[in-house]
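These are the residues of each chain, in order.
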Amino acid sequence: MKQAHFREKIARVVIWAAALLVMAVLGAVVVYILYKGLPMLSWEFLTQIPRDMGRAGGISSTIVGTLLLTLVAVAIAIPFGIGTAFYLAEYTRENIVTRIIRFSAESLAGIPSIVYGLFGFIFFVIMLKLRWNILSGALTMAFMILPTMIRTAEEAIRAVPQSYREVSFSLGGTKWQTIARAVFPSALRGIANGVILSVGRCIAETAAVMLTAGSALRMPASLLSPTRTMAVHFYMLATEGISMPNAYGTAALLVILIFLINVVANMLVNRFVGKKESR
Amino acid sequence: MQPKMVINHLEFYYTKKQALFDLCLEVPENKILALIGPAGSGITTALRALNRLYELTPGARAAGEVLLDGKNIHDGDVSVTRLRRRVGMVFDVPTPLPMSIIDNVTYGPRLQGSAKKSKKALAALAEQALTQATLWDEVKDRLNTPAMSLSGGQQQRLCIARVLALRPEVILLDRPCSGLDPISTAKIEDSLTKLKQEFTIVIAPHNVQQAGRVADRVAFLLSGRLIEEGRTAEVFANPRDERTSDYITGRFG
Amino acid sequence: MKKFREKLSGRIFLALAISSVAALALITVFILVQGLPIIKSVGLIDFVFGMTWAPTQGEFGIFPMIVGSVAVTLGAAIVGVPVGVCCAIFLAEFAPAALRNVFRPAIQLLAGIPSVVYGFWGLLFVVPLIRDYLGGPGLSILAGSIILGIMILPTIISIAEVSLLALPRQYKEGALALGMTHWQAIKSVLLPAAKSGIVAAVILGIGRAIGETMAVIMVLGNAVALPGSILDPVRTLTTNIGIEMGYAAGEHQQALFATGIVLFVVIMLLNSTAQYITRGNKVNRGKKK
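Residue numbers (the working numbering), protein chains in the order written: chain A, 116 to 394; chain B, 99 to 351; chain C, 697 to 985.
Derived from the structure by calculation, the hints contain no laboratory data.
Beta carbons are placed, not taken as given, at the ideal position from N, Cα and C, and that holds for glycine.
Hints should not be assumed to be uniformly reliable.
The calculated DSBU-like cross-link candidates involving lysine-lysine, where the alpha carbons are at most 30 Å apart (straight line), are [said to hold, decoys possible]:
id, chain 1, residue 1, chain 2, residue 2
1, B, LYS169, B, LYS129
2, C, LYS699, A, LYS290
3, B, LYS218, B, LYS169
4, C, LYS699, B, LYS218
On the chain A side, residues computed to face chain B include the following (Cβ under 7 Å) [unchecked claim]:
id, residue
5, LEU161
6, ALA204
7, ARG208
8, SER278
9, TYR279
10, GLY288
11, THR289
12, GLN292
13, SER301
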């Protein structure tokens, strides 16, 4: 009995230590970046385009490029991803075809982003002659996030209790009405999580974007302009030793951006779902 | 009087397993018919055959006739959504949808695209339905709160009100009180006896006593076969079949 | 009108699903078509086990990079898995609610931080530490393992925690009611019950480690040679693509796609294993009911 309590204590210490270690290491990354980068964030840094390869000026064009590319990629992927998920979860019975779709989605979700970059580079940039621009990058990213979006949305739809569907059908609902009014609102939280995840991946992606969207520092004029996203900009500044302070500033802004997206998305979902759902 | 619904030689299968065998049964209008029998006798299946809800179950299949006002509900020209509005259903566990009380009650009527109802009309409909389900007084001040915040008994009466708001002709209740306390059960049974003046009711009670309390007629099913059917008092006093009397007196099931 | 809408919505969903499948098939087929010829001409064995990578001279052997990927991934697992699983146990079982509410969003945030940021941090902190205290160039398997070990933490923690939280409460209550201590209950009841979820978490974490490119480019040194120790630099399959993609052409480009195929196959095997393990468990649970 005594031994059991001794072990209990040891286990507690080890587990607490592991958790604190995780916090400490991860905290170190974030705190260091913010410590070095926050002082760089000024109005000029946010609103001026980079000059002299990024040694001087701000990073406004990379912010715009990042947001545009992410927006387009997610806008392309959402209808296909969520539509496919609804098809898989609601419109088909389990058969060999659904299993193949699901298996390929799950496999493709784990494929390294560099492979998507390779694909996007040869397919969109070279073969379709789209050249390096926001559109090529966004299409590549849309392909990359599609499998994740299908998977997360399908899981969310399947997690909706079957009783909701039965009730809706038993009250004379058609399939579409049942999906739109009973299933979708309940699955929204999970679907939104998948979308947030995808947005985060687009913002954070470096290799695939560099290969497809280019690395131009000009302010993009249209979707056909080449651009450099913040992550790529950070990579270039840091690894080519162009400007450490500006690299830190870009990294800090990336961290803040991802944090804000998480917070805002959670708030939006809570607001929309919270009204209809008690829990 | 002509029966509201007639089940004619209904055979029912789940993939390969047969669940109902040559079931013939009449559902009298403005009466309460109770389907009784031990678990696995096909009672839920029989109820779900009456509004074609079984079609949601993969592999489920029915052969034979189910007539509603003399019209086979499996006919090609029958709209299944309209059928389900005419034959409403209450499930064994309270199943409020994750929305407000008022939205739950008006869920069915709001689906009817052709007759887009005004807010006022919907509110009136909801009040009537909630009143009939004896829930109005308890919820009239918080119609916009989530339905999940109600107690189990209130949730089940809300589900009854939700069906009533469709103004159906037949109401199917599948063990509606199985998880409820005696007081909630009494409230629901009370409202049922009032509702039968306006509606035809088929109930699968969660025990024999409930059938005795509410039903005008009972049908005893065993392993997917109808054993006997008749006026509740007669079946309970003089069951013709030994198995029926064994079941009623609690020797099995 | 209603019927039309019904039909239309069904058709639209079907069309979207078909397009998605076409897109998924396109990537797969495209990579295969681009990469298979070179594997065919070099020969699968020579491609996978070849020791020399000199694409400009027509030598395409990726074995050193396979070793590099395996070494770094294993290292990442050794660094990340024990800590991650312990952290998941902490969150599911020990953490006070207040701490949990800090941890969860923090881990969510950390999963979203670009890999280049982790790589850069490793370059600034981990690499010099290794160089100064352990010798070698610092850019090494060890540095890559540590950085990747950190990067896979969010994946492992969140999935393992979910599978622990998904256990029926009765498991724990039953164990405690038998007089077990909290740790005994975790060790002998909860962990075995959540085993499949935890294994899946580990496998998915490993998948992320194999696929990571930018962070490891920065800390691995990228030498195409068989490493002699964990302090030696290596190049992985992914970094090879990342480094050479920009200027590759012809057969060289095909060889990079072929590297992609190898990655593809490895990830697919890993994912199938993870799926098989989690599915098997679901079936078992179903039976227990």
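Outcome of the hint check:
1. B:LYS169 - B:LYS129: holds, 20 Å
2. C:LYS699 - A:LYS290: holds, 10 Å
3. B:LYS218 - B:LYS169: violated, 34 Å
4. C:LYS699 - B:LYS218: Distance ~28 Å between LYS699 (chain C) and LYS218 (chain B) Cα, so the pair holds.
5. LEU161: violated, 41 Å
6. ALA204: violated, 14 Å
7. ARG208: Nearest chain B Cβ about 5 Å off; hint holds.
8. SER278: Check passed: Cβ of SER278 (chain A) comes within 4 Å of chain B, closer than 7 Å.
9. TYR279: holds, 6 Å
10. GLY288: holds, 5 Å
11. THR289: holds, 6 Å
12. GLN292: The hint holds - GLN292 (chain A) has a Cβ within 7 Å of chain B, the shortest such distance being about 5 Å.
13. SER301: With a minimum Cβ separation of about 6 Å from chain B (threshold 7 Å), the hint on SER301 (chain A) holds.
The earlier numbered hints that this structure contradicts are 3, 5 and 6.
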